[in-house]
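Residue numbers (my numbering), protein chains in the order written: chain A, 1 to 470; chain B, 1001 to 1421.
Do not take every clue at face value.
Claimed, not checked - So the derived label-pair ranges between C-beta atoms look like this: (1) G124(A) / A1367(B): 25 to 35 Å; (2) E1301(B) / N102(A): 18 to 28 Å; (3) D99(A) / R1324(B): 54 to 64 Å; (4) A1242(B) / H387(A): 22 to 32 Å; (5) K1271(B) / L212(A): 49 to 59 Å; (6) R395(A) / L1328(B): 34 to 44 Å.
In case anyone wonders, no lab produced these hints; they're calculated from the structure.
Source: prediction; values computed, not measured.
Glycine residues also receive a C-beta, built at the ideal position from the N, C-alpha and C atoms.
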Amino acid sequence: MDAQIIAELVEIVGADNVLTAPTDMITHSYDATQKCYMPDVVVYAEKTDEVARVVRLANRLKISVLPRGAGSGFSGGSLPVQGGIVLVLTRMTKILDIDSDNLTAEVEPGVITAELQRQVEKLGLFYPPDPASKEFSTLGGNVAECAGGPRCVKYGVTKDYVLGLEVVTPTGDIIHTGGKTLKNVVGYDLTKLFVGSEGTLGIVTKIILKLLPKPAAKKTMLVQFETIEGAAKSVAAIIGAKIIPATLEFMDGATIDCIRPTSPIPLPEACQAILIIEVDGDAAMLDPQIARIQDIIKSFGILSVRIAASHEESEEIWQVRRNVSPSLRRVNPDKFNEDIVVPRSKVPDMIRTLEKISTDYGVPIVNFGHAGDGNIHVNIMVDLRHHGMAEKVERVLDEVFQAVIALRGSISGEHGIGTAKAKYLGMELDATTISYMQRIKDAFDPNHILNPGKIFSYNSNHLPVKTGNN
Amino acid sequence: MNKNKNLQDFAGVIGECVKCGVCQAHCPTYQLSRREGAVARGKIALAAALLEGGTSLEERLQEDINMCLMCGSCVSKCPNKVPTHEIVGAIRRQITDNEGLSLIGKGVSTLLGSKALMNGLIKGGALLSPMLLKKVPESSGLRLRFPAPGMQDRTVPKIAFRNLFDRLPEFIEGRPDKPVVGFFAGCSITYAYPEIGEHMVSILNRLGFSVYLPKAQRCCGIPALSSGNGKLVTELAEKNVAAFKGRDVQHILTACGSCNGGIGEHYRTMKANFESFTAKVIDFSVFLRDTGLFEDLAGMEKWPERTRVTYHDPCHLKIQGITREPRLLLKALPNVEFVEMADASVCCGLGGTFSVQHYQASKAIGAKKAHGLQESGASMIATACPGCIMQLQDIINHAGMQVKAVHLLELLAAALSPRRS
């Protein structure tokens, strides 16, 4: 990159925060999709004003800017696909305020999700969104992708907790959306527009979040089923009985085959599906609620029910779930990890369709995820060294997404579009709708400098590549 | 000659990194700097690039590769268990092969490669004055354990005038019906904390074991490993393996987590026939549990005034899964009231030669332990590694706390000694 530009960047953030060596390009070239694109320069910003000045410089010179948090996204949101400035926000780590009277928190974008959760829980408060990456993902990244997680079935996703934002726009202006109150109808709701915009409309530099009182207690149960249908019907029956558990996770037979060897809880061969159900609230209401759930699901082919009596036993149950991602490698080395979502009553239909696609193509598909909100992690496990496999996967993915759309679902529940799913955007959204989205992008970012090549790009051959973790 | 694995040997496991980012939550240096070059994922990307010829051993790469404690915290949490600490070691050796030893590496080599120098210098431990330090290179390995410029406020142990080998014979006979066990003491116990070594031997003797303490044993090689000196690691490993051939020992005990990581964990990865040696290496806490000592201790009458003690996991034990035994020992001790502390398994920040190269970072990483320690209300923090003891006491002193860092064996020895009235 031009020495004059480097000098200007150094002027803004200091020499320590402008990285130009080949080493630094390599260490900022990837995210959890394992795709790799080299930036031209890496800049670490620590203040809103620095972000704004960097963006103004980039906009003036028409250089791409890629906001980056933990780089743990699954859709390529932070990849510098066209080079440019990778602008890292991980050092903006201040929790500016936790307000127990108004149940809000104000944070910088580099705060780790679980760190905020630990801090607010010390005060008896609760920030529910819990993506699997919560121990290392940043809240800025959670806002950009509108992260979800297991607890969303009861508590909703990131967008349900963002009250207000400070945003640096693609032209380098600093704007403020929403505020500190639950109610606010002044002007357009730009807050919701930015949440989930994948760093294409602005760079979030402050976040005001809604908090809840921390539930007094929780209780976890693990139910083993003879068939996936039994588990799916149980999910529908629990929701149908007007019970919303805090989490309602499922694993299918293929998943159980992967975790059986390392499971802390014995999983017999006959077990073809698992539900992990957690309820929370006042301690006194949990046992009756668990009993009621057991009663509702008892006729659906249950092999065993394990109810955790202690925190340790609850952790043992969750360990079964955590073992899933690392164990998938037992099936095949390459994983195509999709996060489709269907209306929850359609989960059984979707599972049947996935089984059929798996059989038709002779490709293992391992399914698990958030049954309570219809969000299924579909893992197509293959060995790309086999001739023609990449093309086959492409056909499988097409069929999967078509089935999702037919059930009025969505091709991504929580990972985002980025580069990984851009080619499928048109399957879900009609051309007019996409065009309106693009006009919003044009209005905010006339020079298309902010995170270019994401969401709306159809040109590259992005078959997702090798991944091994969720 | 060099029997360590090289980077090429790790090509397979490097390919198993899926770039998920989990290591960010567990890497002490990343948490300090929040820069991708500090974290395991970044280092593995660099290792892959080196293998593919996509980059060179440029200065910035060396800086990133140096910014690693080799604590293995990332490895235990990695979904695919990619051994970043070993990969970093291999890159450091490659840097040394290409460019020669760093100044610090040379110091380590000068000191640890020469038993006479080590003995001579340490014997004059009480005389470790600036004048004496002038006689060794500016970056001598001495400064692994003793203040270097910029480390004036470092807490250091007093150096014993008589080291462990001066104090004990090579063979200490036990009961005839009990086997002989070897004791690998390591530099810190030998020269800085010989009383810990004496406790070890007397406890083993009390249990009936004969103890073999070969004087030909040398440094385990961890500082050399940390500074990229593969040749010296090989030399030390060969000498240590030979040293224990003098007697038929059932086990080779360590009372230092780092030494266990060196003569056990690392030697196992070497391209040499060390299996008959490494198979015998065992941490003292695991060995003592197997003797049934913990049950006997638990059966003893509890002292009326017990000391509130918490525990710090040394990285080299943690990464081998040795976390339960030390706690079981503390829970069994009649003189101890054991309390867990937050972040017990977080690295103390010493990291072989890391604290010499990056004392400020080392101090900042260590300082994070103070909070959990304070909250635990413990008046002592026990651990199983002399390096950690030194670093922990430094952390405690900087935080202005009234807590003493001790070795588990000191508490055990107190429990077994005649009760004070």
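Taking the hints in turn, this is what the structure says about them:
1. Separation of G124(A) from A1367(B) is about 28 Å and conforms to the stated range, judged on CB atoms against 25 to 35 Å.
2. For E1301(B) and N102(A), the hinted distance range of 18 to 28 Å is not satisfied, since their beta carbons lie about 55 Å from each other.
3. Checked against the hint of 54 to 64 Å, the pair D99(A) and R1324(B) fails, with Cβ atoms roughly 42 Å apart.
4. Separated by about 53 Å at the C-beta atoms, A1242(B) and H387(A) break the suggested range of 22 to 32 Å.
5. In this structure, K1271(B) and L212(A) meet the distance hint of 49 to 59 Å, their C-beta atoms being roughly 57 Å apart.
6. Look at R395(A) against L1328(B): about 56 Å separates their beta carbons, and that is not inside 34 to 44 Å.
The earlier numbered hints that this structure contradicts are 2, 3, 4, 6.
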